[in-house]
Each structure stands twice: as structure tokens, then as C-alpha cells.
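**Q** Sequence:
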Amino acid sequence: MKRLIGIASWFFPSLTGLCCLLILAMVVIILGDIALHGVQRLSWEFVTAEPRVGMTEGGIFPAIFGTVLLVILMTIAVVPLGVATAIYLHEYARQQSKIVHLVRLALQNLAGVPSIVFGLFGLGFFVAFLGSGIDAVVFGGRLTYAQPCVLWASLTLAVLTLPTVVVATEEALRAVPRNYREAAYAMGATRWQVVRRVVLPQSVGGMLTGAILAISRGAGEVAPIMFTGAAYYLPYLPKKLNDQFMELGYHIYVMTTQSPDVEATKPILYSTVLVLLLVTFALNFTAIIIRSRIRRKLRST
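Residue numbers (this note's numbering): 14 to 314.
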């Protein structure tokens with residue numbers, strides 16, 4: 014019996030460690046293959062120029078700009094809404110309430126919905142319904158917002174990543190010790206004062222973690238923006254919220270599926286994938302730096 018226990022105590026840690034090594038090896042192989050083939054075409058002109066000659070020459074700057082703009086707008090839309098939802102669910106609402114149960118059920122369903130469904134939802138609600146209503150009320154029926162554009166694409170991605178932000182924020186709020194709240198209430202603070210001055214400063218790191226996860230997912234999604242704003246070929250930059258835009262993930266999809274000569278575009282594909290990874294890492298790294306500075310500031314105070 015002791016021998017079996019000894020074998021089990023050795024076998025399972027070794028098995029879990031082997032699984033971790035396999036996952037790490039797959040990540041290294043994928044990233045190494047992309048980096049090895051992507052640097053061949055990567056250059057300053059490739060990053061800063063617009064595509065030319067059927068996207069077989071030139072660069073991908075419009076796609077880089079569109080990706081960054083899309084992620085920024087998505088973050089501006091989803092973080093306040095997700096944080097406010099999590100604060101209401103955890104700090105204000107009664108946990109036995111039917112409304113809380115329905116909201117949590119809706120968030121769970123949103124987290125499990127395929128991304129292509131979000132694209133169809135964005136097309137039907139934001140573009141066809143909301144955009145048409147804005148055009149009818151504000152612009153006298155002139156086609157302005159009842160069309161795919163960067164605004165509707167970013168809002169669609171905001172709906173897609175909303176469960177991520179809410180769950181991460183709730184976990185951060187739950188990690189704040191209950192004693193902090195009770196001490197603040199004992200000193201005569203109102204619930205909003207407790208939330209604003211005690212709970213939120215202690216949980217801001219977890220909130221930013223949710224934003225980082227949302228950025229990571231939103232930057233690589235293609236299906237939700239196919240119907241809501243991404244353009245096949247657009248050599249100029251979007252200047253208004255109702256303009257279409259190029260996006261790196263969709264650009265990769267188009268070149269993979271629509272190119273008449275896949276072999277000729279393969280070096281461009283690898284370089285574009287490498288740039289997409291670098292842009293995603295840069296956005297995440299920026300958010301991590303902001304989170305670290307906020308945490309350092311809170312520790313010092």
C-alpha cells in the first residue's frame with residue numbers, strides 16, 4: 014500500500030509537469046515558426062506603407078492602425094460597463110435576487126456563444142437597428158451609421174469580451190477583505206464611499222487584469238468584425254467613427270482564403286501574423302505597465 018502511494022505521489026506530479034512542458038513546447042514551436050518565416054519580409058516599409066498591387070506589395074499600416082483603433086474603442090466601451098456591472102452584482106444587489114440570477118445566467122451564456130453569432134448580432138442590432146434609427150432621427154434618413162463601421166465593430170467586440178471583464182472584476186472585489194468594509198462602515202462611511210475609497214483602490218489590479226484579457230481576445234477576433242466594419246481592401250485610414258477599416262486578423266483571413274496565389278502571399282502572411290502578435294503583446298504590455306504603476310502607487314499610499 015505504501016509502495017502504491019509512493020508511486021502515485023511520484024507519477025501524478027510528473028504527469029502534470031509533462032503536460033505543462035508539452036504545452037510550453039507547442040507555444041515555442043508555433044511562435045518560433047512564425048518568427049522564423051515572418052522576419053523575412055518584415056521591414057520598416059512593410060509596417061508603415063499601405064498595401065499595393067492586390068495586397069502583394071507595399072505594407073499593412075492601415076491594418077495596424079485599424080487594429081489598434083478597434084481595441085482602444087472596444088476597451089473604452091467594455092471596461093466601464095463591465096466594472097459597473099460587477100460592482101452592482103457584488104456590492105449592491107442581493108445575492109438571492111432574481112435579477113442577479115438572470116444577469117449571471119446571461120453572462121454565462123454570453124461567454125459560451127460562438128464569436129460568429131456576435132458578428133450576426135452586431136449586424137442585426139447595431140448596424141440594421143441602431144444605425145438605421147440614428148440615421149432616421151439625426152440625419153434625416155441619409156445613410157450614415159446604418160452601415161458597417163469601426164464604431165459598430167468595437168461595440169460588438171465589447172459585448173463579446175464583457176463576461177471576461179465582469180468575472181475578473183468580481184474576483185478582484187471578492188478578494189478585498191470584508192474587514193475593510195466593516196471598518197469603513199463603523200466610521201460612518203456610506204456604501205458608495207466604501208466602494209469608491211476602500212474597495213475600488215484595492216481591486217484596481219484585478220480590474221486591469223480583466224481589461225488585459227479583453228484586449229488579448231478582442232485583438233485576435235475576426236468573425237465578429239467581418240459583418241460589422243472590417244474592409245477587404247482600404248488603403249486609407251478611418252477618420253470618422255462611421256468609416257470602415259482594415260484589421261490585421263481579417264487581413265490574414267482574406268489573404269489566406271481569397272488570394273489567387275497562396276505561395277506568393279505566404280511570406281506576407283507570416284509577417285502579418287508576426288506583426289499581429291507584436292501589436293497584441295504591445296497592447297498587453299502597456300496595460301500591464303499601467304497596472305503595475307497603479308499597484309505601486311497604492312502600496313506607497
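Worth flagging that the hints you see were computed from the coordinates, not collected in a lab.
Only a predicted model underlies this, so the values are computations on that prediction, with no experimental measurement involved.
Keep in mind that a hint or two might mislead.
With a straight-line cut-off of 25 Å between C-alpha atoms, the simulated DMTMM-like cross-links for lysine to aspartate or glutamate are [as the list claims (entries may be wrong)]: (1) 252 to 148; (2) 253 to 46; (3) 111 to 184; (4) 253 to 184; (5) 111 to 274; (6) 310 to 184; (7) 252 to 46; (8) 252 to 104; (9) 279 to 104; (10) 279 to 148; (11) 310 to 63.
**Q** Each hint: holds or not?
**A** Checked hints:
1. 252 to 148: 19 Å, holds
2. 253 to 46: Measuring from Cα to Cα gives roughly 37 Å; hence the hint is violated.
3. 111 to 184: Distance of about 21 Å is within 25 Å: holds.
4. 253 to 184: 37 Å, violated
5. 111 to 274: The hint is violated at about 56 Å.
6. 310 to 184: 21 Å, holds
7. 252 to 46: 36 Å, violated
8. 252 to 104: Not satisfied, since the Cα-Cα distance of roughly 40 Å exceeds 25 Å.
9. 279 to 104: 52 Å, violated
10. 279 to 148: 42 Å, violated
11. 310 to 63: Distance ~41 Å between residue 310 and residue 63 Cα, so the pair is violated.
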